[in-house]
Amino acid sequence: MDSAIQDKAAGGTQPAAAKAVLEVEGLKTYFFVRQGVVKAVDDISFSLAAGEKLAIVGESGCGKSMTALSILRLVPDPPGRIVAGSVRLDGRDLLTLSDADMRRIRGNQISMIFQEPMTSLNPVWSIGNQISEALMLHQNLSRQDAFDKSVEMLKLVKIPEPARRAREYPHQLSGGMRQRAMTAMALACNPHVLLADEPTTALDVTIQAQILDLILELQERLGTAVVLITHDLGVVAETAQRVIVMYGGKKVEEAPVVELFEAPLHPYTQGLLAAVPHLAAMSGLAPAQSRLKEIPGIVPALVNLPKGCTFAPRCPFASDVCRNEFPPYETKQPGHSVACWHADALLGGRHA
Amino acid sequence: MGAYLVRRTVLLFVTVLGVSIIIFSLMRIVPGNVADILFESSGYIDQEQKAKIEAELGLDKPLVQQYTGWIGGLLKGDFGFSYMSERPAISEIVPRMPVTFKLGALTLFFTIVFGIPLGVWSAVRQNGIVDNTLRMITLSALSLPSFWCGLLVLMFAVHVFGVIPIYSNEPRGIWHELALLSIPAFVVGFRSSALIVRLTRSSMLEVLRQDYIRTARAKGASEQTIHYHHALKNAVLPIITLLGIEASHLLGGLVVIETVFNIPGLGRYLVEAIRWRDYPIVQNLVLFSAFAVVITNFIVDMLYAVFDPRIKYSE
Amino acid sequence: MSPPPSDSTPHISNGSDAPDTSPAGSFEAELAKAGANVRSRRGMAVFLARRYPLGGVGLAIVLLFIFVAVFAPYITSHDPLSTNPAISLGAPSAASPMGTDFMGRDLFSRVVYGARTSLAVAFGATLLGVLFGVLIGLASGYLGGWVDLTTQRFIDMLQALPTLILAMAMAAALGPSLVNTIIAIAIPKLPSIARVIRANTLSLREMPFVEAARAMGMSEMRIALRHILPNTLAPLIVLATAGLGTAILVEASLSFLGLGVPEPHPSWGRMLSESAAEYVRTAPWLVIFPGLAITLAVFGTNLLGDALRDLLDPRQRTSN
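Protein chains in written order, with my numbering: chain S, 613 to 964; chain L, 618 to 932; chain Z, 2 to 321.
Calculated from the structure, these hints are not laboratory results.
Be aware that one or more of the hints could be misleading.
To be verified - Straight-line C-alpha distance at most 25 Å; calculated SDA-like pairs for lysine to any residue:
1) L:K850 - S:Y781
2) L:K929 - S:R776
3) L:K929 - S:P774
4) L:K850 - S:E728
5) L:K669 - L:P705
6) L:K850 - S:V687
7) L:K850 - S:E780
8) L:K719 - L:W792
9) L:K850 - S:R776
10) S:K767 - S:N752
11) L:K929 - L:A620
12) S:K651 - L:D828
13) S:K919 - S:A930
14) L:K929 - Z:Q153
15) L:K929 - S:G788
As the list claims (entries may be wrong) - These stretches of chain L come out as covered by chain S in the derived footprint (C-beta under 8 Å, 3 or more residues):
16) 709 to 723
17) 749 to 758
18) 846 to 853
19) 918 to 927
The beta-carbon is built from N, C-alpha and C at its ideal position, and this holds for glycine as well.
From just these sequences and the hints, can you work out the full model?
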């Protein structure tokens, strides 16, 4: 595990230097429900370089999936709405595009892999036809050509007997194979950006690694930039170059993966790491043999968020300022920024 | 598949046979038979004459023998004789079939053509003006007795155009016939399409919530494609079930509308036959409608497998 | 004749009494799930009226018809049966607001008294259908075995006949009378009710609380009636309410075809058959008012049925 991370660090791209394909700025997606306004995505900004692998981590309900759906403008409306911000793909703001123009982007320049391969594939369409659809929509292929290309894609994602499988329906495939098919579908039009929302969560543990390896292999081969959304820090360690930690709809920390694991600055990130055995040992937050720590308290309901820092009610370091004002977002190390009033103290503490 | 078909067919015949016993018993528990009715109208009962008529019609035989005689005859293609006309039942029934079939086909056509697209529209505009308007219209349609609706149409035609669009036995060409049949078909279809609109709406709403609809959007498919290609094909199973029920129960609706519009079809004939205790006609017509129901159910089950690849009839 | 709109609120709380009788307050639980303030009866009524305004309208219509049926003699002073050839086919006037029919009978009185016939048949047939449907369904689901098998085949046979055709055959077989019409309409109701009760019974039979009752030595009969039946109440109420409208329609159709309720009972359907096509031209009021009465009565039960279904059985909305 250690060596995997070291390798990444060596080959890691510098986000500032490379040209950004995707730039998200001040993105806010709110849900207007009877009980009030739910700030599912609250002022999220990040950029993604071509071919880069970025992970967004957080507990379920922290707004990470909604961030991805917002990028594709697939937020269920009503009750959800993107209220502010910009999403620029190759410099073009997606949020200002017409619906028709946006459809030309979806599945073509940005595509998405969903969590549940069982329910995310249409049960009454053959696998081949579902992949073909994207090709026919975006590459003007004929039905036959699109189907042939779909078979090729199935081969690319290492599905045995692709020609036969293309004619089969989702219920005839295993979970792992369905997610491979989903990956084939997402990559069919060679997108610039791939959003993978918990692509392995619903799968057997033994299949998870295979699917991750496949996604990584293909993104490297095709030069696709990936945003990997996950709650699993183990997955992050194996795949990402850079990590964004989200909590309560907000970005609380962003850092290169090694930096984040070795020197997490936000108490929430530290809590997350401490809850994972081998990572906790690695980052020195806990002795290898000790009992796992859990973060006390529960994820806040996004309606009625506390006034100050969203994490304050669960934070061991919380002070009055934390409870009254959300901390500013500051860069503490090159490429490593955090939103925490006590980050300097924590940073200092670690170095001491 | 083969075993399944065999079992289905056996079950189908058991049901039809059971229905035949039910109908037969129903027609016999009523006090008095056609002979009584004949004498009732003349005011006195001549016992000798009555016994003669009963013997002629086979009504004096034991019930079991009457029943086996009927079914045995059916298997040989003998439908018995109509008491009213004293002609073979088959030659009374067959000439009345075409107009009823045309009416039924037109009704189904209207049901599908209006029902499904309006249901999709309603679902897509959930709780919008279109949806709420359609909801009120469909609820009203379900509350409207079709014979009253038919009478209103007649009234409208009389007062606005000065003509009664009653069906004529010799229509002037196919378009004239189509026009004449369209009005009653529309009246019956109004109710069925209201049912289909409501079911299509709820079925579509259920499907539109599914993950694979989001996947289709993420692929860049247009809303039109999503509604009609991705969603409808999944939403269609319950709709087919209801369409099957509506199709097989059409005769019930046609009975009333044929009476209102004076159309010489099977429905109106059944009403007359029941009034006259014309057993052979009633029995055969009711059995025919039961047969239509079980056959339709069978077709519906087969259509399931066509629309949903997950359904396979293997056992 | 029409009730003030404010009437609807107290009526709604009356209507909620029926499901209240089920144990464990499952109705309240449903309401609470729907986000209702169920602390008070008044709060519940307000919630229901706000959440299901159309259901409230439906209930008001149904209650209006019940009111008209019960107090018919006080609503109209004319005898619906007394004939007067002098005013045959009279147009609506102050004396007879809906006109008179070909025998000079006051149509308004006939429509008012027709509510009695219509509702008597609708409620009678629904009650009868529910009673026997429940018995058949409980027996079929609870006893299983050959009882279940035979009943299922029998139900298949009943379902193989269109509702109106079966009712027509029944009515013809039994002969014309009010009671026979009720039976003729109740029989086609049996299959759907028996099916739902059977399906519910099958799943409930395996529930832990039934096992517990059995372990405590409760007799099977008692379990079926005390534990299984109350838990199938919600779908039963939904089915029964939806069936009311159908019953009214079938009665009207049967009477229209001359196979329903005989004279002297005034029946909306028969009024239309008497006045059918020939009066379309000369006396449209004879066509309009009875039909309007049928439509409004069925519309009311449909609105009420829809609201009850949404409230009590959300699953039914999407299932086929």
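Hints violated by the structure (listed by number, smallest first): 16 and 17
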